[in-house]
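*Asks:* Below, each chain spelled out in residue letters.
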Amino acid sequence: DVKVTQSSRYLVKRTGEKVFLECVQDMDHENMFWYRQDPGLGLRLIYFSYDVKMKEKGDIPEGYSVSREKKERFSLILESASTNQTSMYLCASSLFSVGGLFTDTQYFGPGTRLTVL
Amino acid sequence: SQQGEEDPQALSIQEGENATMNCSYKTSINNLQWYRQNSGRGLVHLILIRSNEREKHSGRLRVTLDTSKKSSSLLITASRAADTASYFCATEEGAQKLVFGQGTRLTINP
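Line by line, the protein sequences are chains A and B. Per this note's numbering, the first sequence starts with residue 1, numbered consecutively. Per this note's numbering, the second sequence starts with residue 1001, numbered consecutively.
Read the hints as simulated data drawn from the structure, not as lab findings. A couple of the hints might just be wrong.
[What the hints assert, rightly or not] DSS-like mimics (lysine-lysine), calculated; alpha carbons at most 27 Å apart, straight line:
1. A:K3 <-> A:K55
2. A:K18 <-> A:K57
3. A:K18 <-> A:K55
4. A:K57 <-> B:K1026
5. B:K1056 <-> A:K3
6. A:K70 <-> A:K3
Working from the sequences, and respecting the hints, build out all of it.
*Replies:* Quick look at the structure:
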């Protein structure tokens, strides 16, 4: 079974702090994703990566950065946390779709509920 | 960008009844996926249906796809309390990404 783990289930930070959210997958997947989920807004893609050291902006990258130094690990960084970044953060991974014929299943971590005070 | 839209937004039924959720999307797809999310948890993949398939079953789940209407439905038969969750459809955006709808919140009453 694919396992995607996230470093914390719950996190409380103060405005202005630098926040690191870590995600690790154990299935040698090329693709990794960070989403945030808010009531009424659904899942929104922040960043994704399809290879080590590669990253692409999603729909809402402002205020976030990412790091992928190793294939199994994808980090989301909030450079200076703000209250509007209070949210549920979900990490996911999937196999790379060779030839772009179809988009594979995504496997999700349990989520990190971040509160910024 | 929002591709899939689920309907209804919320559904409440009695245990043992069937639950049907619908998803509409806008552009051509290669496949459509359904996911479940228990409260406060990550999403779990349920089923993937390809564009050349019209119906697919997995246990008590039945998914249909009508590419001419750009719609899909998820049917859960003989519902149980443990089926209480939010259900999302997801369609492709580019070759590697998925776009999720806002979900249907399903409540099964004992």
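*Asks:* State for each hint whether it applies.
*Replies:* The hints, checked one at a time:
{"no.": "1", "hint": "A:K3 <-> A:K55", "result": "holds (22 Å)"}
{"no.": "2", "hint": "A:K18 <-> A:K57", "result": "holds (20 Å)"}
{"no.": "3", "hint": "A:K18 <-> A:K55", "result": "holds (20 Å)"}
{"no.": "4", "hint": "A:K57 <-> B:K1026", "result": "holds (22 Å)"}
{"no.": "5", "hint": "B:K1056 <-> A:K3", "result": "holds (26 Å)"}
{"no.": "6", "hint": "A:K70 <-> A:K3", "result": "holds (16 Å)"}
Checked against the numbered hints given earlier, the structure satisfies every one of them.
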